[in-house]
Structures are given as C-alpha cells and as structure tokens.
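Enquirer: Protein chains in written order, with this note's numbering: chain A, 13 to 409; chain B, 13 to 409; chain C, 13 to 409.
Hints are computed from structural coordinates only; laboratory data are not their basis.
All values reported here derive from a predicted model rather than from experimental measurement.
Any given hint could turn out to be false.
When chains are identical, the list treats them as one kind, so a pair holds in a single copy or across two.
Listed below are the simulated DSS-like cross-link pairs for lysine-lysine, each with C-alpha atoms no more than 25 Å apart in a straight line [as the list claims (entries may be wrong)]:
| # | residue 1 | residue 2 |
| --- | --- | --- |
| 1 | Lys390 | Lys402 |
| 2 | Lys390 | Lys215 |
| 3 | Lys292 | Lys371 |
| 4 | Lys147 | Lys292 |
| 5 | Lys390 | Lys371 |
| 6 | Lys147 | Lys371 |
Here's the letter readout for the chains.
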Amino acid sequence: MALMDRYTAQLAELDIARMFGNDFFLTWDKTDDELAALFTVADALRTLRENNLSSRIFDSGLGISLFRDNSTRTRFSFASACNLLGLEVQDLDEGKSQIAHGETVRETANMISFMADVIGIRDDMYIGKGHTYQKAVSDAVRQGYADGVLEQVPTLVNLQCDIDHPTQCCADLLHVIHEFGGAQNLRGKKIAMTWAYSPSYGKPLSVPQGVIGLFSRFGMEVVLAHPEGYDIFPEVEELAARQAAASGGSFRRVDSMDEAFAGADIVYPKSWAPFAAMEKRTELYGNGDTAGIQALEKELLAQNADHTDWECTEERMASTKNGSALYLHCLPADISGVSCERGEVAASVFDRYRTPLYKQASYKPYIIAAMIFLAKVKDPVRMLELLERKGRVRQMG
Amino acid sequence: MALMDRYTAQLAELDIARMFGNDFFLTWDKTDDELAALFTVADALRTLRENNLSSRIFDSGLGISLFRDNSTRTRFSFASACNLLGLEVQDLDEGKSQIAHGETVRETANMISFMADVIGIRDDMYIGKGHTYQKAVSDAVRQGYADGVLEQVPTLVNLQCDIDHPTQCCADLLHVIHEFGGAQNLRGKKIAMTWAYSPSYGKPLSVPQGVIGLFSRFGMEVVLAHPEGYDIFPEVEELAARQAAASGGSFRRVDSMDEAFAGADIVYPKSWAPFAAMEKRTELYGNGDTAGIQALEKELLAQNADHTDWECTEERMASTKNGSALYLHCLPADISGVSCERGEVAASVFDRYRTPLYKQASYKPYIIAAMIFLAKVKDPVRMLELLERKGRVRQMG
Amino acid sequence: MALMDRYTAQLAELDIARMFGNDFFLTWDKTDDELAALFTVADALRTLRENNLSSRIFDSGLGISLFRDNSTRTRFSFASACNLLGLEVQDLDEGKSQIAHGETVRETANMISFMADVIGIRDDMYIGKGHTYQKAVSDAVRQGYADGVLEQVPTLVNLQCDIDHPTQCCADLLHVIHEFGGAQNLRGKKIAMTWAYSPSYGKPLSVPQGVIGLFSRFGMEVVLAHPEGYDIFPEVEELAARQAAASGGSFRRVDSMDEAFAGADIVYPKSWAPFAAMEKRTELYGNGDTAGIQALEKELLAQNADHTDWECTEERMASTKNGSALYLHCLPADISGVSCERGEVAASVFDRYRTPLYKQASYKPYIIAAMIFLAKVKDPVRMLELLERKGRVRQMG
Numbered sequence: 013m014a015l016m017d018r019y020t021a022q023l024a025e026l027d028i029a030r031m032f033g034n035d036f037f038l039t040w041d042k043t044d045d046e047l048a049a050l051f052t053v054a055d056a057l058r059t060l061r062e063n064n065l066s067s068r069i070f071d072s073g074l075g076i077s078l079f080r081d082n083s084t085r086t087r088f089s090f091a092s093a094c095n096l097l098g099l100e101v102q103d104l105d106e107g108k109s110q111i112a113h114g115e116t117v118r119e120t121a122n123m124i125s126f127m128a129d130v131i132g133i134r135d136d137m138y139i140g141k142g143h144t145y146q147k148a149v150s151d152a153v154r155q156g157y158a159d160g161v162l163e164q165v166p167t168l169v170n171l172q173c174d175i176d177h178p179t180q181c182c183a184d185l186l187h188v189i190h191e192f193g194g195a196q197n198l199r200g201k202k203i204a205m206t207w208a209y210s211p212s213y214g215k216p217l218s219v220p221q222g223v224i225g226l227f228s229r230f231g232m233e234v235v236l237a238h239p240e241g242y243d244i245f246p247e248v249e250e251l252a253a254r255q256a257a258a259s260g261g262s263f264r265r266v267d268s269m270d271e272a273f274a275g276a277d278i279v280y281p282k283s284w285a286p287f288a289a290m291e292k293r294t295e296l297y298g299n300g301d302t303a304g305i306q307a308l309e310k311e312l313l314a315q316n317a318d319h320t321d322w323e324c325t326e327e328r329m330a331s332t333k334n335g336s337a338l339y340l341h342c343l344p345a346d347i348s349g350v351s352c353e354r355g356e357v358a359a360s361v362f363d364r365y366r367t368p369l370y371k372q373a374s375y376k377p378y379i380i381a382a383m384i385f386l387a388k389v390k391d392p393v394r395m396l397e398l399l400e401r402k403g404r405v406r407q408m409g
Numbered sequence: 013m014a015l016m017d018r019y020t021a022q023l024a025e026l027d028i029a030r031m032f033g034n035d036f037f038l039t040w041d042k043t044d045d046e047l048a049a050l051f052t053v054a055d056a057l058r059t060l061r062e063n064n065l066s067s068r069i070f071d072s073g074l075g076i077s078l079f080r081d082n083s084t085r086t087r088f089s090f091a092s093a094c095n096l097l098g099l100e101v102q103d104l105d106e107g108k109s110q111i112a113h114g115e116t117v118r119e120t121a122n123m124i125s126f127m128a129d130v131i132g133i134r135d136d137m138y139i140g141k142g143h144t145y146q147k148a149v150s151d152a153v154r155q156g157y158a159d160g161v162l163e164q165v166p167t168l169v170n171l172q173c174d175i176d177h178p179t180q181c182c183a184d185l186l187h188v189i190h191e192f193g194g195a196q197n198l199r200g201k202k203i204a205m206t207w208a209y210s211p212s213y214g215k216p217l218s219v220p221q222g223v224i225g226l227f228s229r230f231g232m233e234v235v236l237a238h239p240e241g242y243d244i245f246p247e248v249e250e251l252a253a254r255q256a257a258a259s260g261g262s263f264r265r266v267d268s269m270d271e272a273f274a275g276a277d278i279v280y281p282k283s284w285a286p287f288a289a290m291e292k293r294t295e296l297y298g299n300g301d302t303a304g305i306q307a308l309e310k311e312l313l314a315q316n317a318d319h320t321d322w323e324c325t326e327e328r329m330a331s332t333k334n335g336s337a338l339y340l341h342c343l344p345a346d347i348s349g350v351s352c353e354r355g356e357v358a359a360s361v362f363d364r365y366r367t368p369l370y371k372q373a374s375y376k377p378y379i380i381a382a383m384i385f386l387a388k389v390k391d392p393v394r395m396l397e398l399l400e401r402k403g404r405v406r407q408m409g
Numbered sequence: 013m014a015l016m017d018r019y020t021a022q023l024a025e026l027d028i029a030r031m032f033g034n035d036f037f038l039t040w041d042k043t044d045d046e047l048a049a050l051f052t053v054a055d056a057l058r059t060l061r062e063n064n065l066s067s068r069i070f071d072s073g074l075g076i077s078l079f080r081d082n083s084t085r086t087r088f089s090f091a092s093a094c095n096l097l098g099l100e101v102q103d104l105d106e107g108k109s110q111i112a113h114g115e116t117v118r119e120t121a122n123m124i125s126f127m128a129d130v131i132g133i134r135d136d137m138y139i140g141k142g143h144t145y146q147k148a149v150s151d152a153v154r155q156g157y158a159d160g161v162l163e164q165v166p167t168l169v170n171l172q173c174d175i176d177h178p179t180q181c182c183a184d185l186l187h188v189i190h191e192f193g194g195a196q197n198l199r200g201k202k203i204a205m206t207w208a209y210s211p212s213y214g215k216p217l218s219v220p221q222g223v224i225g226l227f228s229r230f231g232m233e234v235v236l237a238h239p240e241g242y243d244i245f246p247e248v249e250e251l252a253a254r255q256a257a258a259s260g261g262s263f264r265r266v267d268s269m270d271e272a273f274a275g276a277d278i279v280y281p282k283s284w285a286p287f288a289a290m291e292k293r294t295e296l297y298g299n300g301d302t303a304g305i306q307a308l309e310k311e312l313l314a315q316n317a318d319h320t321d322w323e324c325t326e327e328r329m330a331s332t333k334n335g336s337a338l339y340l341h342c343l344p345a346d347i348s349g350v351s352c353e354r355g356e357v358a359a360s361v362f363d364r365y366r367t368p369l370y371k372q373a374s375y376k377p378y379i380i381a382a383m384i385f386l387a388k389v390k391d392p393v394r395m396l397e398l399l400e401r402k403g404r405v406r407q408m409g
C-alpha cells in the first residue's frame, strides 16, 4: 500500500474546496472538515519527510515573516515549513514606527509581496490590533493582485494575534489526537485550560483563547480556570460555549485550579495577563504613556503575586484522571526552582512530561506547512499522490 | 507561438556581448542596446513567472547584500530577484567602523565572495563615497578571481549609490515604457523631474540624477526643476544635456515647479538634499563632527521650510498634458495630511495614482534579475528558449 | 578519467565508517584517516564546483547557525557550505540571557532542530564554556532523536569554541598541504605558531591551540612561542607533545619570536590573550563583575604593551627558511601602520602574502561542507561518483 493512501482516503471525504487561495486567521473561521484536512495534511507531510521524500511544491518563491514580538519556536517553525515546501524565508524587520496608519500597511504589504507566496505575521501585544493588522495586510495584497500589481496572492498565516494562536493550538490538538488515538476519542474527555502563576508580566491571551476556541469543537468537557480579574475576551468564551454545546460537550469557567484539574484528561496550566489590563496597556501605549505602562506593570506583578499558589504541582497532577493527565504547554514554561523561584509548574512535573512536550512542539512546522499547502494546492489528494510517486529524495546519502 | 519568441527576437537584434561578466554601476555605462536588452529580459522573466515557469539558472550559489542605509523595497526586490534565479541571499551586516580603508574593503570583498555569484550594495549617504566603494569591491573580487582566490567573479549590482540608482530608475523607465506602449513612443514626451517639499532631511540625490541620466536618452523633453540651492551633481546635468541633444530631445533646468509641470506627460516630484549640503555633510562626517552635522541638519530643515509650496497638488496636476500626466515616485512618498502635515504630494493625487505607483515598484525585482541574468548568461536568447522548453513549473499545485 | 577518480581512490583506502552520523568538535577527536578523508572530500567538492557540477545532496533542510561572538568569515563560510549542499541557513539570534542553565539548552536545542540537518556554533569567549555548551546541544538533540521528538539528528559543527577552531585550522592545513604538494611533504618541516602584539584585548586561544593540536600530527617540528604569561591550555600543549612524538616530529615551547622564526618553513604570528586572564575573565563574567572586567582589560592591554616588539617584521621573515616561509593568518590581521599603529605584522610582509592568505581562507567553506558531507553521507565514495555522473550543473549559462 502506498504511504499516502490513508491520508488521501481521509481527504477525499472532506469538503475543503474553500481552503484553496484562502488565509488562516482563526481556527473558528474554518469548518470541521477544513480542520480535519489540516491535521491530515500535516501528518501526511510528516510521513513524507520521515520517509525521506521531498514535499517541495515550490521551485522558487518567498515566505515573508514579520515578528512584532520575540519568537524562537514559531520563527523556526515557520522557516522550517517554508523550507519544506521550497520557499525561502525573508524576514521583514520593521521599525515599529513605520506602520502608523492603514495607508502604509497597504503600501508595505504590496512592496514586500511581488514574489511572496506566503506572509506569516506575529502581532499579539495589543488588544484589537494584531488581527486587524493581519486582515489589513491580507486585504492589501488581494487588492494588489486584483489591480495587477502582484502576480500571486500571498497566503496570510496568523503566527499569533491578539485573538488566536492557531499554529500553536492546532499543533497542540494534533499532539492530543495522536496521544488519544484519534479525534473521535476526545469525546467526553475533560481539558483544563487554566491560568498559572508566573513572575512575568503581560503574556498574551491568544493561547488560552485559542485553546478553548478549538478544543470546544470536539465534544469535550472544556474547563477554563483563572483567578478573579484574569478574564479573557468574552466573545471567545461565548464562542466556546456555543461550540461545546453544538458538539455535544460542555464549557464552563471556574475560579479554582483544583476544580479544573480534578479528573481532567488534559491540563494546560499557563500564565496570561488580564484582558482588562491588556486593554488598558493598549490605550496607554497608544498615548505613548510610558510612566503609565510602568505603573500598570507594577500593579499587574503585584496582582500576580496574590496567586502564587496557582501552580501545576504534583498534588494537583495526582488529582487528574488516573493521576496521569496529559500535561500541555506552549513553551517555554516558567518552572519552579529552575527558571524562576516559583512558576507555572513544579520541576518534577515538567521533567516527567518533557518528551511529550517536545513532541507537542514538533507538530508546529507541519501544521504551518499544511496551512500553506492547503491554501496553495488546488487538489491536495492528487498532489500528495504525486509527491509520493515522483519519489524525489529529501536527502541523498 | 512560443512565449519567449517576441523577447528572443528583440534580443537577437542587439549587441550585448559586453554585458556578460560585467557589473551594473550606472545606466550611462551601458549602451542603448544594453539597456534595451535589460528591459527585454526583465519582461521575459516576468512572462515566465506569470506562466508559472521557473527561471532558476542557479542550482546553488549566494547573492550577497550590503545595505549601508535602511531599505525595505530594494532589499525585498534584491531578495526576490536572487530567489527567482536560484540564489540564496546572505546579508552582510557590517559595523560601519570595519570599513575604514581600502585595505579592508579588498579583504572583506574576498572573504564574503568564495561562493558569491552576485553582490548588491546600497551606499548612498556620502558624496564621493558610494560609487567609489562599489568600484573598489568590484576591483577586489576581480583581482581575487585573477589570483585564483575566487572561483567565480561575483557580479556587482548597484542598489543605489551617491551618483545613480539604476535599479530604481530602470524600473521607473520600464513602467513608463509599458504605460506609453513602447520606448519609441517616448520621443517628444515631456518629463518633469522636480524637487518637492518634505519635512525630512538629507534624501539622496541618486534618484533625480538617475532619472535625468536615463530618461534623457530617449528623445524626451527632460525638465529638471528645483528651488535655488538644491543643485544636483553638475556632471550629471551635463551628461543629461549631451544625451538629450544626441537623442533628439532636450534638457533644461528651471526653478519653477509650475513651469516643469505645464504640459508634462510624466511628473516625478520628489524631495532631495542640496548637493552642496551633502558635500558639507560628507566632510563633517569624515571629521566626526556630530555637532556640525546637527547644525547642518537644522539649517537644511529651515531651508526646506521656505519651499513648502513645492507640492504636487491637484492644481499642478491639472496643468499637465490633458490633466493626466503619469505621476511617478520611488516610494515611500511624503503625503500631505497622511504621513506628514505638508509633504511632496497631495493625498488625493497620491490616491488616484496608487495602482500605477505600485506597478512601477513591481518592476524592480525583474530589473535586478535581468541585470544578474545578463551578467551571468553568455547566450541569453538560447537560455530564455531553454527555460521555456524545459518548462519546469515554479509552483506545483 | 573521471574528475572524482583521484578522490574516490584516496577515500577508498581510509577507515572512515565512524564519521557517519557524528559531530565535529575537536580535530583530535578524529583519527588520521578521518582527517585525510576531510581534506580529500573538501578538495573533491571544490573540484565539482570548479567544474560547474552541483554538490546538492539536500533537496530541502536547514543549517542552523549560532554565533555567540561576531563573525564575518566563518558566518559566510558556514552559509556557503550549507548552500553548496542544498541547506538553507537559519540564524539563531539569541539574547545571551536566554541560555542560563542546562535545562534551557536542552529545550532550545530541540525547538530549533525539528528540520535541522546541521547546527554550527561559535562560542569562544569564556574558558570552560564553549565546548561544554556544544556538547550539551549535541547531547540534547541526540536525546530528542532517541525520544522520537526529532526525525533526524542534526550534525554539530564546532565553528570555534574555547578549546579548538577546527574549521579554521583544517582550512589552514589544507592550504599548507596544497602549498607543499601533499601532507607527506610536511614531515620535518618547521612551523612557528607564535604570539604577536596587537593593541586589542582578549583574542581567543582556539587558534594557537587548534594549530598545535593539529599540525603536531604530521611529523613536523612544531614550535610554540609567546612572552611569559601568555600560556595556552596546558592540556593542549601536552597533547601536541604526545602527538608530535608519535608522528616522528617534535613540539617545544620557547619565549622568543626570533628563535621560533629561525629557519621556519611556516610562520603563524597571531595575538591571543593569556589563559590565566581568560580564566579570570570567565570568573568575573560569571559574577557579573563589570568593574572587574574593565580593570582586567586595562591590565591586559598594559601587559600587551610590554611586547610590541613581537611583530612579524621583514627582518624576522628574512630569518626563515630561504627567507620565504609561508606566512599564515586566520584574518583579519592587525597590520602595522594600516589597521593600527603597531600590530601583529608589518604592512610589507602582509602585502606580499595577501594572495596566499586569501587562498588560505578560501578553503574554509569546503572544509565545513566536507564535515557535513562526511557526517551525512554513508558511502562518500559512491556519492561523489553519483554527483559527477548525474552531472547536474550548478549554474546554467
């Protein structure tokens, strides 16, 4: 049997015509079929590589990356994905001041896109900004294509915005799917997406939002836990609730880490900043109020310090299903006694889950590659078959 | 008929033997035939890409970029051109202090060139420096090749120097050629290369110089306009005058934006710094006189402020041929009320010309690719035919 | 006769099975056969390139570079080597603070390696750190592969550590082999690895250590010369002595540049910092003692200033074998009257040897490529034959 058979058989059942030529902003923009296709193609591309077969669909072309926040993992994942498909990464290292108004977004977007097949953007620092910016870039290049300026529409891949972190959360979910032996086995499983203490300030909301916005679609019992004042976007909570109901699962918010962990199959303890504080910071930043930002930071760190007991301890892990819930983190984690005095997770817990955590991260390059692949390839079934049949080796030797 | 036929037919008529193995410093180093070949190859490469055919002539190899001034457009154009032909870009991020004397230029040039097929340099800040530096790099790598140090001579491409900006101006001209339906239709057309007000300081002279140095070769009426004190290199004015006379056109300098715009077919209103001031800055910089530079900057901004009425307004556009001259800019433009209070161009004018402006910019990657192609390929006609015949697709899918 | 015949004939005689899948940390980790294979493959790859034949063994894949110290030469050499073999370079630009403990090394190493075929690291600033760090990275990715996190083990290439600089010293030696017409002709030749004055501070010990640790294996008379107080690692001196004895050569340390130069066939005059001072600096750095580091720097510069007469002058060159020893330097050199008032070498000496010096440097990309090739290709003989037989051109044209 051919390597690709199981993947092409799955893909053939799915309605994914709308993925061709489209961007990837938020997981909830995508249908269940489209998400299933994403996971299938990610697995297929991984299988090709594991069998030393090339997945290059591009002979030349650029993948543009724009990181408005530090990144190592996502940066390397994006570079890996582009390289896997045959695109060369060109990083746009902008001065922050250049992007002051929509006018310039439109111009910059076109100026970098003459030979760009994909644009990956991370812009997660300010509420109401990142997603809006990504949309503006996408609109600009589509207009550029319509006007005959660009010869192709670069696909936009959201590498993290203020709302969602789809490449991370889809990698998380693909990891979970593999650990549980299939998406169908997630039905009825309990996942605890919970706040955890960190001695740092201002971590984005996109991971908790992305997790509840994605995992609530699989019939799971989704529990969001955080101390008072650490709310996330209310719209995403409402979305999670709707999706959970529709998929035969449930969503609820609690203010106790213990309650979230009790009997959980999966735990995702992670620090984030309060939504209200992030909104305030966005406003202060907009006003150039540096003193205000510093005062806010101080206040937030003090607020954090009231909740040092929100830690993923051995005791809490023991309370999960059979004492062995799958522990997730997007990394790097704040590990108590290792990277900080007190943090999100006990060192012994982290150590025990190190290998699955690294595996979780290892899906991200394939998820990104699959996003690009599905946006660029009109007939993914035929293309996977073709790549196998051509049998071009990735590495001679 | 084959896609490449019209291009190869044109190329076959041209005497371009001297382009092979040569650099691209200044447009006026090149014969009319050589420029015609450049435009033809740029169009041919664009046609190949638009038909999803690969233009990779390199299986491996590096394109070295060295930007001694900020750049987004030219940086991405160079990266795109290299990628289109199969070269990987490696950026030389030098500390400015490293290049103190010719000795080190020679060494650095060789050290980065062991596997370099092309070197692109932007060095436009100081009068008398950029072109000289590019020549020194070219001399060094040619000597390195002669000495058996290098296995190939990297082609030098001027990505902007103190004298000319050939990748920009050739892209400008190719855009104009397409807009007017052929280079032969430029005969007798009036182009106004005029200074315009900007609230910034020290913009290079290479664009106005490059424009009059190039457009004066096509039988056009070339008018250079600027306020008193904003002179450009006198040698380039003399060159423009000679070329205009030889090609059956004219060149003149005026001190009125209105006079330049009246009846013009093409307008290129753009800010630049006075030649004398740039010379003074170069001297101050050489002496490390920071206070002097700041004083000069202040003086120049005050001088600029006397000429805020040099703006490309709707009224002035109305005075051009049929009120619809082709508006050119190398971007980014200083747009009144958008990127600054008062600037080079009225917002409504800029808005109306946005699409042609973006198209103008879109030629730059192909111009750069054509420069490399013609320096690297001995028989361009045969190679274009070969690329089409091989029919390697750029993107599968 | 085929181009590769002479190389494959040499390789076929060598026992190099252990190179496949292994890293390159220190030259003395490698057997004589393995070093011979390295030089043979470097020459073979150069021959392929000189004959316009592709050496791409990778269709896609990443080469990760991590430079914890400034670099131009090694950076471009690594980029060239990766590109020659078909890998795209992705630079890890770390904040120094991120790598605080072994925990994070392990994590970072895995996070950047999902699609990494090679990792090149330069980490030469602190005694006891660089080599240890490189080992930790290698251990981490091997563990990651064993755990199923990574799909391939990235090969680690030491681009300079606190102990050795193998890519430099092997390029140096390959240059010497070519200049002397074969490694067998080095027997009995005298090489002077000597300290030289420089007005700078803190140059690494890895070059003098690497040179005596490598050249002492070829039956040569190896002389290390430096002023009192400029010791290198004692372990490396002991190693050099043992190797020299075993190979029928000799090793000795002297405190006179004149004595080292007298009758030498090869001279390598170069500044370095005293081992004891480097140890002290490492300790001060570890304690974050900035004032202490500044005081040490002052002290070292004063100590240096006592030895300005340690310069490679025309007089000293005249005392070498036939007055024409081969002059080596890893570049850039501190040239008296050119890059500084007094330095390592007289300007006239440097000028006379410029071409051989550049040739010396030109071997580095091929040495690095050979290191990667031998770690990645199971049967190098067959692969070189295959590359020639396939005859894929590097540059069409």
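Enquirer: For every hint, state whether the structure bears it out.
Expert: We went through each hint and held it up to the structure:
For a Cα distance limit of 25 Å, the shortest separation of lysine 390 from lysine 402 qualifies both inside one copy, at 18 Å, and across copies, at 23 Å. In this assembly of identical chains, lysine 390 and lysine 215 lie within 25 Å of each other by CA distance neither inside one copy nor across copies; the values are 38 Å within and 46 Å between. Taking identical chains as interchangeable, the C-alpha atoms of lysine 292 and lysine 371 are never at most 25 Å apart, the minima being 36 Å within one chain and 41 Å between chains. For the identical chains of this complex, lysine 147 and lysine 292 are intra-copy neighbours only, at 23 Å inside a copy versus 46 Å across copies, given an alpha-carbon limit of 25 Å.
Within a single copy, lysine 390 and lysine 371 get their C-alpha atoms no closer than 30 Å, and across copies no closer than 28 Å, so neither meets the 25 Å cut-off. Taking the shortest alpha-carbon separations for lysine 147 and lysine 371, only the inter-copy value of 22 Å comes in at or below 25 Å, while the best intra-copy value is 31 Å.
In summary, the numbered hints that this structure violates are 2, 3, 5.
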